[in-house]
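Based on the hints, put chain W in the right spot on chain Z.
Chain residues, written in single-letter form:
2 protein chains.
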Amino acid sequence: MSRSRGFDEYGRVGEQRFRGAIEAARVGARGAIVRSIGTGKHRLAHTGATQYDPKVPMIPFAAIAVEDADYLHRKLERGTVTVKMRLGARTGPPAPSANVVGELRGRERPEEIVLVGAHLDSWDVGDGALDDAAGVGMALEVARLLRDARPRRTIRVVLFANEECGLSGAKAYAAAHAAELRRHVAAMEADAGGGAPIGLGFNVDEAARDRVRRLVGPLEALRVTDVRHTEHAGADLMPLTGVPQLALEQDATDYFEWHHTDGDTADKIDPIQISKAAGALAVLIAELADGEPLPRAPSPSR
Amino acid sequence: MSRSRGFDEYGRVGEQRFRGAIEAARVGARGAIVRSIGTGKHRLAHTGATQYDPKVPMIPFAAIAVEDADYLHRKLERGTVTVKMRLGARTGPPAPSANVVGELRGRERPEEIVLVGAHLDSWDVGDGALDDAAGVGMALEVARLLRDARPRRTIRVVLFANEECGLSGAKAYAAAHAAELRRHVAAMEADAGGGAPIGLGFNVDEAARDRVRRLVGPLEALRVTDVRHTEHAGADLMPLTGVPQLALEQDATDYFEWHHTDGDTADKIDPIQISKAAGALAVLIAELADGEPLPRAPSPSR
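Residue numbers (our numbering), protein chains in the order written: chain Z, 1 to 302; chain W, 1001 to 1302.
Here chain Z stands alone, though its shape is the one from the complex:
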């Protein structure tokens, strides 16, 4: 895929990795290989979650670096190619993990909650610096910056367990706090790396666009001006049915160079850019915790 500022292309190209094993098995493949879907050309495979479908055989499926995919293509142009696959990955038994939750209690309406989240786990290659240590750092920095601000509503920081393999932390949070979800006035998740803030996505009724636009007013000097509707404000927010969800958009031009590869290490985070992102997130969370509430999202039955 090509380098671009947003995440849009990942959703589209990602299907090759998400569904490659299913589609290949459907046409009779004994195994399948996917060309890495990141933008990097560093001989590192971009890996990640893969789906299987019980209706077709569960075949071996591996990601290879773009350079190696190019090599295979060149060989295939000249004739039949035999590939021997030896995969080291295996699925271990389930193990306990936990969400980490902390709060800055609201001054006037402590029962109303603004959630700011990130996820604690990472894919197994690399160190998960971009995905999602960056987000964890940002969420904690929001709490640090707003510690003495005492807004009207409660700010709840939630560091979710197990985003990568099925959102079990997010689902457990939604289940444990089901009675409270209607008092979640907004939720955001920092899970887009350490890049500079560039905009704000909203998964709220289109009628709220003006209200959302006012939220980014104080961020104009940082060029956080790109306000757009999104269906995907954060993976861990998906189980929070009915809760108005927003997403700080961050510059992702370099993100897919390293995301889900061995190269996702701490040096890929630019301290200046992530500071801007954390600051912008704090401004948004403070305003959500103090200001006029957003309209509730349509219920899933609509």
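Treat the hints with caution; some may be incorrect.
[As the list claims (entries may be wrong)] Incomplete in silico selection of chain Z near chain W, CB under 8 Å: (1) 64; (2) 67; (3) 70; (4) 263; (5) 265; (6) 267; (7) 296.
[Stated by the list, open to error] With a straight-line Cα cutoff of 16 Å, these simulated EDC-like cross-link-like pairs (lysine to aspartate or glutamate) come out: (8) 41(Z) <-> 1103(W); (9) 75(Z) <-> 1270(W); (10) 1041(W) <-> 262(Z); (11) 1041(W) <-> 1068(W); (12) 1041(W) <-> 8(Z); (13) 41(Z) <-> 1267(W); (14) 1041(W) <-> 290(Z); (15) 41(Z) <-> 1127(W); (16) 1041(W) <-> 267(Z); (17) 41(Z) <-> 1262(W); (18) 41(Z) <-> 1270(W); (19) 1041(W) <-> 270(Z); (20) 1055(W) <-> 1023(W); (21) 1075(W) <-> 267(Z).
Derived from the structure by calculation, the hints contain no laboratory data. Only a predicted model underlies this, so the values are computations on that prediction, with no experimental measurement involved. Where a beta carbon is used, it is the ideal one built from N, C-alpha and C, also for glycine.
For chain W alone, kept in the frame of chain Z given last:
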């Protein structure tokens, strides 16, 4: 090291890899690790030839990626670190290999030779696309471009065996052609990747500077204007004592991103830039084969 257009810094920083094992053993080390000396941050180790000194113990010595070196540094700031080294590299027995030599015979003075070289081998990681398939391609392209030009002197293309581990191909060439070396009027080696041409280095008496400058006159439109004295016109040229040596300088800004790493694959060559480099080399070789000879280099006894 930092990204720069020339190779200069490699010579300086390279000492850490060339001599690290010796210097560490000298102060009592049981093993040593060198931070990769390339410019890349892709979790790939930059490897290459390492020297040992029989006067000190031959200790295990490994290169690690810059990310991992950073990690070690962070750990060391907090206290003692124990590292377990398990190295897979080993030195195999010598095996036969061969130089490949071809000629375009000169029209008037076939006994006088202009040598254009490159090397066939590469370091064991990656595919050696930049080092030195690029150079081999350029040398062959020079022969193709000049096939029908029939210059006065003979153009000899030499693809050297085993540059990486001791220049045995170059030494064998110099020995086999010892009687002929005084009739080598110039030698060049393409061993600087696939980047655009930017200048010309000369390992010839400083008095020849004006003559060298005239050589690049036709290349001004390509901005090949940086003419400078160099002690290192090409590793495989070192045994060619007394032969005037020139080096086409190429833009190496990206070269050390991939050089001697697993990422040195064909996609790192830009066809447009290497075409310019091969064309520039052909212009220089044609002029050397047709024009006024360069002064002989000082003999090593001087």
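Hints versus structure:
1. 64: Constraint on residue 64(Z) not satisfied, violated at 12 Å.
2. 67: Since the shortest Cβ distance to chain W is 4 Å, the answer is holds.
3. 70: With a minimum Cβ separation of about 6 Å from chain W (threshold 8 Å), the hint on residue 70(Z) holds.
4. 263: Holds - the Cβ of residue 263(Z) comes within 8 Å of chain W, reaching about 4 Å at its closest.
5. 265: With a minimum Cβ separation of about 4 Å from chain W (threshold 8 Å), the hint on residue 265(Z) holds.
6. 267: holds, 6 Å
7. 296: Residue 296(Z) check fails; min Cβ-Cβ to chain W is 45 Å, beyond 8 Å.
8. 41(Z) <-> 1103(W): violated, 38 Å
9. 75(Z) <-> 1270(W): Cα-Cα ~21 Å, so violated.
10. 1041(W) <-> 262(Z): Holds: residue 1041(W) and residue 262(Z) sit about 11 Å apart, inside 16 Å.
11. 1041(W) <-> 1068(W): holds, 10 Å
12. 1041(W) <-> 8(Z): violated, 26 Å
13. 41(Z) <-> 1267(W): holds, 8 Å
14. 1041(W) <-> 290(Z): violated, 43 Å
15. 41(Z) <-> 1127(W): Within the cut-off at roughly 14 Å; holds.
16. 1041(W) <-> 267(Z): This hinted pair holds, its Cα atoms lying about 8 Å apart.
17. 41(Z) <-> 1262(W): holds, 11 Å
18. 41(Z) <-> 1270(W): holds, 14 Å
19. 1041(W) <-> 270(Z): Between residue 1041(W) and residue 270(Z) the Cα gap is close to 14 Å, so the pair holds against 16 Å.
20. 1055(W) <-> 1023(W): holds, 11 Å
21. 1075(W) <-> 267(Z): holds, 15 Å
In summary, the numbered hints that this structure violates are 1, 7, 8, 9, 12 and 14.
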